[in-house]
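Just so you know, we're using my numbering here: the sequence shown kicks off at 5 and counts up by one.
Have a look at the derived ranges for each label pair, beta carbon to beta carbon: (1) His52 - Gln13: 19 to 29 Å; (2) Ala49 - Asp25: 14 to 24 Å; (3) Ala43 - Ala94: 32 to 42 Å; (4) Ala94 - Glu34: 11 to 21 Å; (5) Asp46 - Arg80: 35 to 45 Å; (6) Ser9 - Gly87: 31 to 41 Å.
Note that these hints are calculated values from the structure, not bench results.
Predicted model only: the values in this text are computed from it and were never measured.
Glycine included, every Cβ here is placed at the ideal spot set by N, Cα and C.
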Amino acid sequence: MVELSLFHQTHGIYAHGVAPDTAWLPREWEQRCHRITVATTDGEALVHAPELHDLAFSKLAAGRPKDIEYVRELLRCSLIGLGRLEGLIADAEVPLRSRFENVLKIVRRVPPA
Numbered sequence: 005m006v007e008l009s010l011f012h013q014t015h016g017i018y019a020h021g022v023a024p025d026t027a028w029l030p031r032e033w034e035q036r037c038h039r040i041t042v043a044t045t046d047g048e049a050l051v052h053a054p055e056l057h058d059l060a061f062s063k064l065a066a067g068r069p070k071d072i073e074y075v076r077e078l079l080r081c082s083l084i085g086l087g088r089l090e091g092l093i094a095d096a097e098v099p100l101r102s103r104f105e106n107v108l109k110i111v112r113r114v115p116p117a
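Take these sequences, add in the hints, and give me the full structure.
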């Protein structure tokens, strides 16, 4: 799906499709994800949309500046809670936790909403 495509405009959904092994997601994310069926030109597509804290976890694991800013905005707008996000990170596998050290320093400096 492409941003501002006819699909995006029609359904209000814009997503980058990725394979399950592409993104870093926290434990048990599948149990929290939202499953949405959308009509396509070929029939239907089942979309697995991670819960916002799980999405934020994945964005921070990627660590790109745009992803860090995205998470900061989620926090600033009170769409996610820092404590819950930190809990997901604390529960991550040890090698993955080290990816979060620097980005968490940046994320914690979110101005109040």
